[in-house]
Amino acid sequence: MDAEDETRTTEITILPDGRICLFGASREVLELLGEMDLGDPALDQRLGYLRSLDRAAREAAFGETATTALEGRSS
Amino acid sequence: MRIGAGMSRISIDAERLRAARNHDRRCLLCEHRCGADRAVGQRGPCKAGCEARVFRHRVEYGEELELVPSHLFYLSGCDLRCAFCIAEMNAFDPRRGRELTPAFFAEAVAWGREQGARNVQWVGGEPTIHLPRILEAMSGCGELPPVIWKSDFYGTPDAFSLLAGVVDVYVADFKFGNDACAVRIAGVRNYVDTVTRNLSLVAERQDLIVRHLLLPGHFDCCYRPVVAWLRRHLRQAKFSIRDGYLPRWRAKHFADLAVPLPATAGEQAADLAADQGLHVIH
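Residue numbers (our numbering), protein chains in the order written: chain A, 152 to 226; chain B, 558 to 839.
Bear in mind the hints are in silico, worked out from the structure with no lab data behind them. Ideal placement from N, C-alpha and C gives every residue a C-beta, glycine not left out. Be aware that a few hints might be false.
One-sided excerpt, in silico: chain B residues whose CB lies under 8 Å from chain A [claimed, not checked]:
1. R615
2. I643
3. P773
4. G801
5. P817
6. E824
7. V837
8. H839
Looking from chain B toward chain A, a few residues come up when the C-beta cut is under 7 Å (computed) [to be verified]:
9. E617
10. L803
11. P804
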């Protein structure tokens, strides 16, 4: 018996009072909600944190590239 | 803690695998201690056999900030029967999903890394009941990102000893603050003593996040006792308050659980935890 393939699914439930519950949140869904400017500090904090991870990854990648280039120049 | 670190070699030796496989013949992985010989078709309360099955795996961003992006592997089958379980039948029917094998796991981990996952996380259902297959799957990988173990903490000390040195962070669901609620809603006995024993055991040796899903109408009977226990015994443990309760699965059969959480419950819970000096994380 196979389960439904939910690997690429995020569940969104909106309660009658307007609260939004996410289960299995993807990055894209968080960004989408961020664009809606819901005024949710927890969401804003989460997106800010994820963007800081992106920046750190880019800087690390740039550092590696720069180091490789310098090594190549000195050899 | 290896969170934030890259891949590292994982060591699961033959002796550990042998000890884990002993539970296929006489299962004492959880505190039901049913002793089922799963290899010959006997089944305990979790109904699991010798196969583990993954009903979903995906990279998620809704976990605690220090864990995201996390690659979650959802295994079907559970030793609890929480009436409000959001995974519903996938959690309770261990025949659901595709078989967990070393080859599948290695391929899935590589996919997760491509998607940016920083760790792999075992969830359920309940992963503890599938410990032999999980260790086999991980032992087939030369290297792994940090390993997160998200559990109901109803396992035996034997089960936790099989995880020592393999798991980087435990995420413990401390669901109920008293045994009466645990029996009525999840069908388990001796819940509080078991979970608190395991929390103390793990906190001594590994990074630990204690989660509590706020349940409607259970602030005084469940949330307050959880906070009080943590304050007394594990004040420095990371405490994650979850306020996303939804009345799913069989919750409609319980008057207290059939409704959403009041909108103010999360704030009220956070205030109490802060007042008690707990280390709340988001």
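For each hint, the structure was consulted:
1. Hint on R615/B holds. Least Cβ distance to chain A is approximately 5 Å, under the 8 Å limit.
2. Hint status for I643/B relative to chain A: holds, with the closest Cβ pair at about 6 Å, below 8 Å.
3. Interface hint at P773/B: violated, since its Cβ lies 12 Å from the closest Cβ of chain A, which is beyond the 8 Å cut-off.
4. Given the 8 Å rule on beta carbons, the hint for G801/B holds: about 5 Å separates it from the nearest Cβ of chain A.
5. At its closest, the beta carbon of P817/B sits 5 Å from a beta carbon of chain A; the interface hint therefore holds under the 8 Å criterion.
6. For E824/B, the interface hint is violated, since its Cβ never comes within 8 Å of a Cβ in chain A; the closest pair sits about 11 Å apart.
7. Because the smallest distance between the Cβ of V837/B and any Cβ of chain A comes to about 12 Å, over 8 Å, the interface hint for this residue is violated.
8. The beta carbon of H839/B is positioned within 8 Å of a beta carbon in chain A (closest approach about 6 Å), and the interface hint is therefore held.
9. Given hint, E617/B at the interface with chain A, holds; its Cβ is 6 Å from that chain's nearest Cβ, closer than 7 Å.
10. Evaluation of the L803/B hint against chain A yields a held restraint, the C-beta minimum of about 6 Å falling below 7 Å.
11. For P804/B, the suggested interface contact is broken, since its CB lies about 10 Å from the closest CB of chain A, more than 7 Å.
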